[in-house]
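Chemist: The primary structure of each chain is shown beneath.
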Amino acid sequence: MSWRRLRTLLRREMLATYRDPFTMTILVAVPLVALLLFGFVLSTKVKHMALGVHDASDSPASRRLVADLAAGGTFDPRPFATREALERALVSGKISTALVIPPDFARDFGRASGDLAPGSARPEVQVLYDGGEATLAGNAEAFLRSLVSATGAALVETPPRGPKRGTGVDVVTSALFNPTLDGVPFMVSGTFGFVLSFLTTLITAVSIVNERQAGTFDQLQVTPATAVEILLGKILPLGAVFAMDVVLMMVIGGLVLGVWPQGNVLFFVSVSAFYVLVSLALGLIFSATSATAAEAVQKTVLFSIPLVQLSGFAFPIRNMPTIVRWLTELLPATHYIRLSRAIYLRGAGPLTLLPELGFLVLFGVILIGYALRTIEARG
Amino acid sequence: MSEPLVQLRGLEKRYGERTALRNIDLTIDECQIFGVVGPDGAGKTTLLRSIAGLLEVKAREARVLGHDLTADVTELKARVGYVPQSFSLYRELSVLENLSFTARLHRLPEAEFAARSRELLERTGLAPFGDRPAGALSGGMRQKLAIANALLARPALVVLDEPTAGVDVVARAEIWALLQRERREALVLWSTSYLDEAEACDRLVYLDNGRIVADGTPAALRAKVPLELYRVWSDDARAVARAARALPYVQGARAAGRFARVEVQQARTPGVDRVLHDLSELPGGTVRFAEQTAPDMESTLLGLAERPA
Amino acid sequence: MIIQTRNLTKRFGDFTAVDRLSIQVERGKIFAFLGANGSGKSTTIRMLIGLLRPTEGTVEVDGVDVIHHPRRVRDRIGYMGQKVSLYQGLSIRENAEFYAGLYGLAGADLERRWGALRERFSLADTEQEKPEDLPAGIRQRAGLALSTLHAPRLLFLDEPTAGVDVRSRALFWELIQDEAAAGVTVFVTTHFLEETDYCDWVCFIDEGRLIADAAPEELRRRYSGGYRVALEGAPAPRDRIGQLFPGGQIESTPAGLRLVLPTLEPAALAALDRLVAEQSGLRVHIEQPPMNEVFRRVLGERATTGGAA
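Chains as they are written, first to last, in this note's numbering: chain A, 1 to 379; chain B, 1 to 309; chain C, 1 to 309.
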């Protein structure tokens, strides 16, 4: 490989890209807009959810429970006189979550607080929710559950009656790393994956197709430049822009949305940079099979939509059927999103993430190898 | 006195900031083969499309076949047959299906369509290919189909944008014959980059940078051009051409077959005799025979291109 | 022979773009590869420079097997594709620096070489412009200049004069003829038949098949009515003419005599010179049979015999 030729190729690519105001705007504006969009607007944070409450018990204990639920600001309890009214409201969509407190709640409580022998029925409440809004509902349910349990435990503790009888080991679920199950960090960390997959692939695909159409790609192939030089000359400058995007998104994510990476910043940027190169190579492959820029865009979009669904960006993979879960393992995006979440949300380090890193490197090598072949291809 | 077929005064067409056509004055009185020539990007396509009623234009006056171009052009379009630069019929439909589609658009009665399509298919030599999908035809045949399609409804104005570009020699001649037939009944307006076709038009207009630079019959244009044309016949015409370029008054010289074609600007010529003498004395080849010839279409267009816009 | 192909074939599915093409190109000659759009010209040129892999056959360029070792010729060939490959957003000068960098041309060498090219190709005042702001003719010229930047021994030009104005076309051919004079072999594809006269050898391809493979003069000898020499203005004795031009036919015309010669050899030119010297007042005018007539006959014959010329 000739460094002089590579320098020549890099210089041209940089001049052309950085001089194009349209491309530069897209490369910088889209990641930021995506970040803010997903972080602010689309976050699955549970807040001020309308909670229908049918309190059949109407006792101090039940009123205390409802008051506690209202206190956090997460739920807006709305009273319903009858169960039927509650269910009607659920069906009509006026509320998406409901709490039914049975008439014998206080009595059960009383029993639980001491009079009952161990093993008897514990106080129960019924939680109804609209399963349609699965993510939201899932979060809401989990949150509710933990709140109720916490409240219940507090209620059990309060009455100053003799030594507390063991009511059994109460498992209070509490979410680690995201106590309020706030969706924003989840989305922010996932946004990196989305932007760095979609936008990178799109930009390279369109760029190469345009070159092919303009005839400059042919011209390049006739010069002494090798496929490796052409590949690097194309993706390094773009990679640099995206690496800058990563840093920019991190800073904006922190300043505006309050989400800073928990793990090592350098590690995160390096992993992201490598993933960018992999995505760019994928874009190259799309471009080799497309005759027009429109076609390249179509292919990228069609590929990216399942990517969003399957990579764990918005929907948890564990909820998917087994065969689909195996499919998601084949997407480099899935591994990167896992990595980025692990580093961003849980502060994981390179040693813990070795298997995922290995996958990413493997995919990278395969895709880059294939991209080289498409550059050398001679119809 | 009947109205001219095309009457344009001060026609202008802009695309945003770019002015494609400016100050176009054009009057065409009778049916003929009218050619539009000029370099790429001069505005030929824009002018043709404007006259065909496909573009919105501004003008002091713009009338085609009696219709105002700046008003509703629906009626005009029904009387125009237009053949664009790139093939615009349906490749999956057969020759007959394409023609039938156009016939229906023009609401041609069945009997008339049958007769007219038969006649056109005969004249274009496409009769044996009636059922073949248009995409499977060769380039030349596709162009002939496009022309047949445009002629189907007997238009009073036929507009063709470089119909012979890149087409094989035989088909080009056939297309030319087709258009020759049409000019008896319709105004044929077309653009071409082939010099021999420009030469054969009844009248030409030379566009450069959106403006009409010259307008007249080929002979009239040739007479106006300030170039003298010489031929030096030799067995090594290329060497002669190279040597000729060194002469101070020679604008351009290149070998074409057995002769070196030498262009001399009228403003700088030392006179025919002197030029002939100089040319026969040039180095190159074993013998040289110089003669002056009348300017041809190439030198005409060259001469016109030199003029400032 | 700097280029040799044997049974070169390219199929795309069941469509044969190039069918068993066997051609040879001599060093230092201008070789015209002629044909209509879709005839297989561009496919052939792409195979010759190693951009496309043939389905069958062999290609040898400057002694290199292009099919298996395409990279070995790359520093020796220059290429200009149908779409002139100048990068938008970069000035002509920056484009030159880019391509020069890929060929290892830099610093003082580049300055010298580019300076000379800039001069010859009249690009001095447009050097800082970007290609998208320049008309097609200048872009084409810049493209040609860049393809010769690294002083290749072999130039491949794919339809270099398509869509270009007359002046640029003329300049182009002068430049190409100059290159050939300097020893560069030029392989040109075109669909303008008259441009074959600028070349040393012609290959005419139709639907992927070779139907003519000869020097232009040879094709004229075989497929035209011959050179027509008009002798007017003074009576010229028939026997004298018969003496001077043994191969020719003499006909009477209203204005004098017409001499028809199958080719125009140096001997014939010398004889004309002598005739004019002998007969004062005699005006001589030579007509060279145009190539499109020649090719129409070539195609016509092929239609009847189905063979190659």
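In short, the hints are calculated from the structure, not lab data.
A portion of the hints provided could be inaccurate.
[Stated by the list, open to error] Covered stretches of chain C (chain B as the covering partner; in silico rule of three or more C-beta atoms under 8 Å from a C-beta of chain B): (1) 176-184; (2) 263-271; (3) 278-292.
Glycine residues also receive a C-beta, built at the ideal position from the N, C-alpha and C atoms.
Chemist: Hint by hint, say whether it matches the structure.
Modeler: Hint check:
Using a Cβ-Cβ cut-off of 8 Å, 4 residues of the stretch 176-184 of chain C lie near chain B, which meets the minimum of three, so the contact claim holds. Closer than 8 Å: that is the beta-carbon criterion, and the stretch 263-271 of chain C has 5 residues meeting it against chain B, so the requirement of 3 holds. Counting residues of the stretch 278-292 of chain C whose C-beta lies closer than 8 Å to any C-beta of chain B gives 6; at least three are required, and the coverage claim holds.
The structure meets every hint from the earlier list without exception.
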